[in-house]
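Go by the hints and put chain H with the ligands onto chain A.
Going down the list, the protein sequences come from chains A and H. Using my numbering, the letters of the first sequence correspond one by one to residues 357 to 667. Using my numbering, the letters of the second sequence correspond one by one to residues 532 to 1164.
If the Cβ cut is set under 10 Å, some of the chain A residues that face chain H in the computed set are: (1) Thr383; (2) Thr415; (3) Lys422; (4) Asp428; (5) His436; (6) Ser439; (7) Asp642; (8) Glu657; (9) Arg658; (10) Tyr660; (11) Thr667.
Since the hints were made in silico from the structure, they are not lab data. From the three backbone atoms N, C-alpha and C, an ideal C-beta is built for every residue, glycine too.
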Amino acid sequence: MSAFNAIGEEREIDRDEFTPGVEPQPTWCPGCGDFGVLKSLKQALPEVGKTPEEVLTVTGIGCSGKLNSYLDTYGFHTIHGRSLPVARAAKLANTDLEVIAAGGDGDGYGIGGNHFIHTARENHDMTYIVFNNEIFGLTKGQTSPTSPKGHKSKTQPSGSAKTPLRPLSLSLTAGASYVARTAAVNPNQAKEIIAEAIEHDGFAHVDFLTQCPTWNKDARQYVPYIDIQESDDYDHDVTDRREAAEMMHETEDVLNEGTVLTGRYYVDEDRPSYQAEKSAVGELPDQPLAERYFDDDAEWERSYDLLERHT
Amino acid sequence: MSDELIWRIAGGSGDGIDSTSQNFAKALMRSGLDVFTHRHYPSRIRGGHTYVEIRAADHEVQSRGDGYNFLLSLGDSFARNPQEDAYYGNEEVKPLSENLDDLREGGIIVYDEGLISEEDVEAIDLHERAEENDWHVFPMDLRSLAREHGREVMRNTAGVGVTAALLEMDLEHIEDLMSDAMGGDVLEANLEILHEAYETINEEYEFEHELRAPTGSHETEQALLSGSNAIAYGAIDAGCRFIAGYPMTPWTDVFTILAQNFPDMGGVSEQVEDEIAAAALALGASHAGAKAMSGSSGGGFALMSEPLGLAEMTETPLVLVESMRAGPSTGMPTKPEQGDLEFVLYTSQGDSSRVVFAPGNIEEAYEQTRLAFEIAWDYQIPSIIIYDQKLSGENKNVDVEFFDREPEPDLGATLTEDELAEAAHDASGKFKRFNYADAENNVAPRSLPGQKGGRYLATGNEHSPVGHISEDPDNRVAQMTRRIEKLDSIREDLDEEHESNQTYFGDETAEYGIITWGSSQGAVREAVERLNENGHSVKGIGVSDMMPFPETEVTEFLQSVDEAMVVEMNATAQFRGLIQKELGRFGEKMTSLLKYNGNPFEPAEIVEGYEVNLADEDREPTAQVRIEPAAGD
Ligand SMILES: Cc1ncc(C[n+]2csc(CCOP(=O)(O)OP(=O)(O)O)c2C)c(N)n1
Ligand code: SF4
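The shape of chain A in the complex, shown without the other chains (with noise of 0.2 Å):
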């Protein structure tokens, strides 16, 4: 077999491609922000040149879980919280992949949580989309780590007593080198920003309010969003660590108080990813790992040749 890996001839790209063409049918509510998630990877894929078989999304568990049912690229939905190790995998058995990952805020900051720091320290080359709707929706409306103080549910009837957790200041922190938020009600920036995210060396961490009209009817994620990029008012260098970091705490805060603010936090072009690292130190092979099994001329080491040592 020839090398699979070597796809994508020069051509022009569309996004029905990336619609498959028969059923199925998202089963996400009218007005539900995951579609807004669907429409901008659609618009980004052809942009950055991707062919729907160079790309794998992993998804993890929730109504955003689903957004590769409805994607035609190769597709892994593989349990609540645990979309990014295997995504992570992925790319380091074949660095040809595309590799997004997607899920919603309980999903990946809940109890995907520590996956996501370590992911996001160790710089892994690929993209990160978190369905943010400050819920849980799937099993009906429960609070969510995003879900701000006070929210009540029916699993926190008198209201979550708990500080909502920050996750572009997380992200930041933990080490991700891009960091952006958008949201479903504003399509244009979405698409632009997924399309940088995935052409980012390193972890892009993209926070993509969506709205869940359905169990979160007051969110913020309806709220009219401010561009930071686009408005005087907030110009800071996304390149610099710590004005990022300041623009993500007024974000963070004025988000609590109704104020959506969206756009590029943090870009660093400078670090390497991990792939890059890892095969600095030679922990990585240049050939990708998938590709040497279809290799006929691949050499593969026996361990009668190791055997000197235990003689």
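Only chain H with the ligands this time, still in chain A's reference frame:
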């Protein structure tokens, strides 16, 4: 000359006991003997009393022996630190006193006078006991000797020199190994110490003991390997080039060996945030086209149940190893037990299926690791290798030729792009991977991300042939049945294409049988040999296939005997339960011999268990084992 030497070196953890014993075992192997090592250590990094036993004989050895006949007691150097008194106690004498119970009559004791005081020796009545048991005691100031020529830690070398002199061994192999391991001043100092100790003993002491090192010869070159080595090497030869893990004793050994070798062989190893991640990474790498594995011990394996189920549902090949230690919870981190069998068989929600192999010795560990990869990739099902702290850490000599075979980096049921072009697709061009109507052997061959014509969705939800989430009842039945029936296909494959994984031993026509699994096999084999030499008629089977279960083989074995004793290291007779569950009968034919005190079986315990249990001798077995009567008794 004696037919076996069982040499025990005792001291504090961190005193270099491990490396010293490893080298001495190799020297004995190089001199032509068969060797087997058993390691006993506490869950502590420095201090705490530890020993390693090396059994060396002119015949094959499968197990530790019953007791031992040579003690080299170094004294616990960490016990001497006055600042640490409160924690470690001040117990230099323990490596001597704690080991005396198992020393055989006529045995030899060498202890380090430099560390163990005369008062302490008096306090434990050593001389009286020596007289009673005909022990030969050789006190020697190993510590000063080591200090004089080098550093105090080199007293191990002095101990080895003394051993060699007392057993009338040649120093040649020991010197060779030392020069392989070190150089310069360190080597010089060690060699001086070795010779000085050797000569001092020869000159200053009378030898009245009979014990001498046995002599033997090997026809082929031998390698001294641990079970962890064998598993790691089996994985390498199966084409595994991706490992992810999180440290946990005793699984860490396998992880470390692969992590150290992979950079040179183009493999990838990842130490990650937890065991859920570890197994999920192995799964992700496998999905993307690498032969991948992960593993842990009980507590970590508990965390892996999620990715394990996902591998089953998405039919992604995966190999996990589970190295048992005594549980529940963190249990006894450095002590073996065979208590996770049921856990490994049934971990996961739903009607789950996986392949489980339980190798019984070093060769089987290598063989079955290769097989675990082959089956996992051919049938797209998780394979688990379950073994324990004993097999993981014990070392045995193996014929080097045994490993002389080709690697098999074969990805099994994976389609090429040409094959994908011919395969079934839906209207949007998605590959109908789970198109069960097309599948042979119940396997739905897969594509790899990146391949042309192979797009599909892998999902942990029930899914249609292209991978769409589906709750359609007919589809559910078809997919579920196919996944479960893969086990039948695997059973057929194992029966027809592979030599039996079960190991038979003893007298084929015997009326009594002993059944065991995993690492208890060695001691059982030796016990059966001994029983037959003593006029009993016994046969044994070491079962390695836990799932799918070797129904025919175990049925035939049980049918051929009047009674059988199931030997395993746990308190609840898990393997006997499995046999009854799988075969649905024989409950009245089987009794159990159980041990779960943290130490593996000695052959004598099994001999005794047999005599009480099957030969109906009227006495109680030792307190260390428990007999569980047959159902209905
Ligand atoms: C689920 C699980 N995984 C692994 C282990 C093994 N384990 C015991 S202690 C330990 C490391 C503890 O490290 P740290 O918290 O830094 O403490 P330290 O020993 O350095 O003081 C590990 C991995 C375990 N007991 N349980
Ligand atoms: S429950 Fe909320 S998140 Fe889920 S599909 Fe409906 S609107 Fe979207």
